[in-house]
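Engineer: Next come the chains, spelled out residue by residue.
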Amino acid sequence: MTDHHTDGLIKKRTWLARALDRQLLTRRGFALTASVTVAVLILIIWSLLREGSGFFSTYQRELTIYRQAGLEYCDHVNKVVVGHEEIASGLNRALAAEVATVSAAARARRDAAVMATSAVEEAAVLSREALTAALAAESPDAATIGRIRAEVIAGQRKAAERIQLPDILTADEMQALREQLTAMQPDAEGPPALVQSLTAAAAEQDAAAREKFAALGTAAEEFEAALEPVATLHEAMKEIAIATKEAATQQHMAEDAKEKLLKAAGETTNAANADIFNKDAAQYDTAAIDFAARIQPLLAKQPEYEAVLPSYTAAARKAIAALPAESETKSARDLVGKAKDHFATHIAYADESAAQMKAWKWDEPIPKLKAGTHFLFGGDWITNSSWQDFYGVVPLFTGSLLIALTALLIAMPFSVGAAIYTNQFAGPREQAIIKPAIEFIQAIPSVVLGFIGISVLGDLIKSVSNVEWLQWIPGFPVQERLNIFNAGCLLALMAVPTIYSLAEDAINNVPRSFSEASEALGATKLQTVFRVVVPTASSGILAAMLLGLGRIFGETMVVLLVAGNRLSIPDFSDGPGVVFQPAGTMTGIIAQELGEVSQGSSHWQALFMVGILLFFVSLIINFAARTLVRRFAVARI
Amino acid sequence: MKSVLLMAAAALAMAVNSNAQSIRVRGSDTLGAKLVPQLAESFKKKAGGASFDIAAEGSSTAFTNLAAGTAEIGMSSRKVKDDERTFCKTKGVFIKEHALAWDMIAVVVNKNNPVAGLTKKQIAGIFTGAIKDWSEVGGTPGPISIYTRNTSSGTYKDWMTLAMGNKNYAAGSQKLAGNEQIASEVAGNKNGIGYVGLAYTGSKGLKAVPVGGVAPVAANVDGYPYSRPTFLYTNGDPQGKVKEFIDFCKSGEGQAVVQRVGFVSK
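In order, the protein sequences belong to chains Z and H. Per numbering that gives the first Met the number 0, the first sequence starts with residue 0, numbered consecutively. Per numbering that gives the first Met the number 0, the second sequence starts with residue 0, numbered consecutively.
Calculated directly from the structure, the hints in this document are not laboratory data. Even glycine gets a Cβ: it sits at the ideal position worked out from N, Cα and C. A few of these clues could be false.
[Said to hold, decoys possible] With a cut-off of at most 25 angstroms between alpha-carbon atoms, the simulated DMTMM-like pairs for lysine to aspartate or glutamate come out as follows: (1) H:Lys-265 - Z:Glu-128; (2) H:Lys-131 - Z:Asp-388; (3) Z:Lys-157 - Z:Glu-121; (4) H:Lys-33 - Z:Glu-128; (5) H:Lys-131 - Z:Asp-570; (6) H:Lys-166 - Z:Glu-238; (7) H:Lys-80 - Z:Asp-340; (8) H:Lys-166 - H:Glu-40; (9) H:Lys-78 - Z:Asp-255; (10) H:Lys-78 - Z:Glu-595; (11) H:Lys-119 - Z:Asp-255; (12) Z:Lys-257 - Z:Glu-61; (13) H:Lys-80 - Z:Glu-61; (14) H:Lys-119 - Z:Asp-205; (15) H:Lys-110 - Z:Glu-327; (16) H:Lys-131 - Z:Asp-74; (17) Z:Lys-461 - Z:Glu-325; (18) H:Lys-131 - Z:Asp-340; (19) H:Lys-95 - Z:Asp-458; (20) H:Lys-88 - Z:Glu-595; (21) H:Lys-110 - Z:Glu-363; (22) H:Lys-265 - H:Glu-252; (23) H:Lys-131 - Z:Glu-327; (24) H:Lys-166 - Z:Asp-279; (25) H:Lys-166 - Z:Glu-223; (26) H:Lys-88 - Z:Glu-258; (27) H:Lys-120 - Z:Glu-221; (28) H:Lys-110 - Z:Glu-121; (29) H:Lys-120 - Z:Glu-84.
[To be verified] Chain H stretches covered by chain Z per the calculated footprint, using a threshold of three residues with CB under 8 angstroms from any CB of chain Z: (30) 23-34; (31) 58-68; (32) 73-85; (33) 141-151.
Sequences are here, hints too, so could you generate the full structure?
Structural biologist: In structure tokens form, the structure reads like this:
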């Protein structure tokens, strides 16, 4: 920098250093790393788009085959079958509820005895297995068999002495059962005598109950039987449609394989292999499928359907009309009422179905955007099906969204509260503990959290939900331990550090002059914090929450392990209790299925489309957060 | 670019392989969780000098790995599909099938579930969603929770064919990653039902249900409706250690292991 320099203080530059400008070199180096980062990002987007872009045409083709092969046609009938099953299930449940009023006690006594017996048998299960093995051996050894037999009996005796019997059994019965269990032989014919007599008693009670509720029983039975001809016809129709679809898939595969084989033959250097490839390729039959001819036998079933349908609807109407007006139990009354409601819509659809099928055209083209709308708004994600695969992202999207919102709702008070406290109220020593502690949460690997969710949190939620005085909470008692709430709790824990750090930054960025002015005007600390500091930082806090949401939305491992992977739209009829249902997520489905699908198939492309959608969701969330911060940023004074 | 990378990976793998003589086995979770590792252990004890690298993520992965040259042996709980065979062929891999053992898929319910048996029709109804409540099949009232394998599993598809008349699974079914997870969820939910390989029926808290009166035990392999063969696949005729291992699996000693682990030798 100065002219004055002394030898020895400043090193002489070597020729290499003179030839290279260090500053320029450093700058270029950093520019290179920055551009590599951008290039990688572009490469990722490009490869996502490349793999996913084929999806719409592939899916469109599959949907076309779905129509041209007549699967869509069969699904009209399927809807009738499914509607019928729904109602039949309701009626059977109603019957079971009624029968239980008479035979529940007898059944409980039977079940108690059966459970006790199997528990005693279970206690000696290892020696029992050894005994079976010894008896099955090629040269049975009487001494060994005798020894193991004794072991089994001893094990069972020990268990029988210890076993707790429920007090729905009378004292005499308990004693008898205990004696019989103690004396149980490993190769006895049938269960102990008391179990047999209790089973017989329960069966007798059941029969009596069925007699009593014969009206409901016969109606349910007749309703179930009414579908028989329709179901048989449906199966026959399905066979025709699936054969056409199979042929179409085979043909497409043959084309594909032929192409691949010929290509491989052209590329390989091994002459013998090339010969084999060419010969194999020649074997494939790639003649186009004649859908017009193949659909005829299916359409020929139409008169048959029109013939069986009226007899079905008549029989079903008769059965439903024969349902008894009065029910003994409330649940039976509800179920029968619901079945009647369902029946009204079901029968209306059934009556209409024949006309709908008549109007259906196999060669009507599928609208161009169908594949896209089906993907974005379709409610079914069904893959590896034997009938038809559907890629509708709605169940996955709602699952992801519900989990993310639950997590955000839980994380918000903790992280924002902690941020306000550390920044405004905590002393330096507290700050030195709280900040690193919260940020440390980020270091817990998500797979570990997932494991905690399976092994600890799930059971905890389940046992808490069984507590008597908490039953007012919607969704309780919880049946599934892997559910949205479980995943939400763990993800909240993961989002807390992100939201906390960013919110704390936002509060820290509020100019000191604001709070000083507030305090100068005589406001208390609390007033300053809640009327001045937090409102000023609110856009930053909101942005922090949005970025936290982004973090949760993209998280994979926890939701894969803990959310339960039920690939259907959650049932919102439960209100907020919906959070105790299992759900599938967009990230989870990619992690679970991508490793195993064959490359380039529609399923593979669909998963990439889900990836692209995830990418856009993250992009939107980040964009929203940035806009928020920029628009409402406070000018520094 | 991709092929260069693949070749480099293959070369690297070969270099590693020639040093350690490691046999890479990929594929079915049903086979790879217990049976094949145990067979490998017994084989090592007997022959020595071989080491195994086993990963089990579903039958489909057997063929993708064989085709990519990243496995010497593929395990599958189903037969190879035509398109998989062709795909392998185009990569210069001519796969050969070796029957290994029979597996029985058992229907499991919670130990405290009083249901003592189900018919085939009831099982089809439960898994397709036509039957929704335990009271419909004579159990204690409560909504049925269905646990299935995920869609990439060979068992998922097999079960559809064997038990469900090729209908779709109920929309409410939960797709879990492996037999172990199904076993633990069913053990933890008194309204749960699922299916597992025979080897897993002994898990705690579970009860295997007889189907149409036939209990899922090895002796009933012919009468039980949900029995299926399982296979090992190799690239062409096996050579060297791989051949020795396959021969060992088929031998009396290997089949003894098969039975010990809970599969059926036939």
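Engineer: Take the hints in turn and mark each one as holding or not.
Structural biologist: A quick look at each hint next to the structure:
no. : hint                  : verdict
1   : H:Lys-265 - Z:Glu-128 : 20 angstroms, holds
2   : H:Lys-131 - Z:Asp-388 : 23 angstroms, holds
3   : Z:Lys-157 - Z:Glu-121 : 12 angstroms, holds
4   : H:Lys-33 - Z:Glu-128  : 19 angstroms, holds
5   : H:Lys-131 - Z:Asp-570 : 15 angstroms, holds
6   : H:Lys-166 - Z:Glu-238 : 12 angstroms, holds
7   : H:Lys-80 - Z:Asp-340  : 46 angstroms, violated
8   : H:Lys-166 - H:Glu-40  : 40 angstroms, violated
9   : H:Lys-78 - Z:Asp-255  : 21 angstroms, holds
10  : H:Lys-78 - Z:Glu-595  : 16 angstroms, holds
11  : H:Lys-119 - Z:Asp-255 : 39 angstroms, violated
12  : Z:Lys-257 - Z:Glu-61  : 20 angstroms, holds
13  : H:Lys-80 - Z:Glu-61   : 20 angstroms, holds
14  : H:Lys-119 - Z:Asp-205 : 23 angstroms, holds
15  : H:Lys-110 - Z:Glu-327 : 31 angstroms, violated
16  : H:Lys-131 - Z:Asp-74  : 21 angstroms, holds
17  : Z:Lys-461 - Z:Glu-325 : 36 angstroms, violated
18  : H:Lys-131 - Z:Asp-340 : 18 angstroms, holds
19  : H:Lys-95 - Z:Asp-458  : 46 angstroms, violated
20  : H:Lys-88 - Z:Glu-595  : 19 angstroms, holds
21  : H:Lys-110 - Z:Glu-363 : 53 angstroms, violated
22  : H:Lys-265 - H:Glu-252 : 14 angstroms, holds
23  : H:Lys-131 - Z:Glu-327 : 22 angstroms, holds
24  : H:Lys-166 - Z:Asp-279 : 34 angstroms, violated
25  : H:Lys-166 - Z:Glu-223 : 19 angstroms, holds
26  : H:Lys-88 - Z:Glu-258  : 13 angstroms, holds
27  : H:Lys-120 - Z:Glu-221 : 18 angstroms, holds
28  : H:Lys-110 - Z:Glu-121 : 11 angstroms, holds
29  : H:Lys-120 - Z:Glu-84  : 13 angstroms, holds
30  : 23-34                 : violated (count 0)
31  : 58-68                 : holds (count 3)
32  : 73-85                 : holds (count 4)
33  : 141-151               : holds (count 6)
In summary, the structure is inconsistent with hints 7, 8, 11, 15, 17, 19, 21, 24, 30 from the numbered list given earlier, while agreeing with the others.
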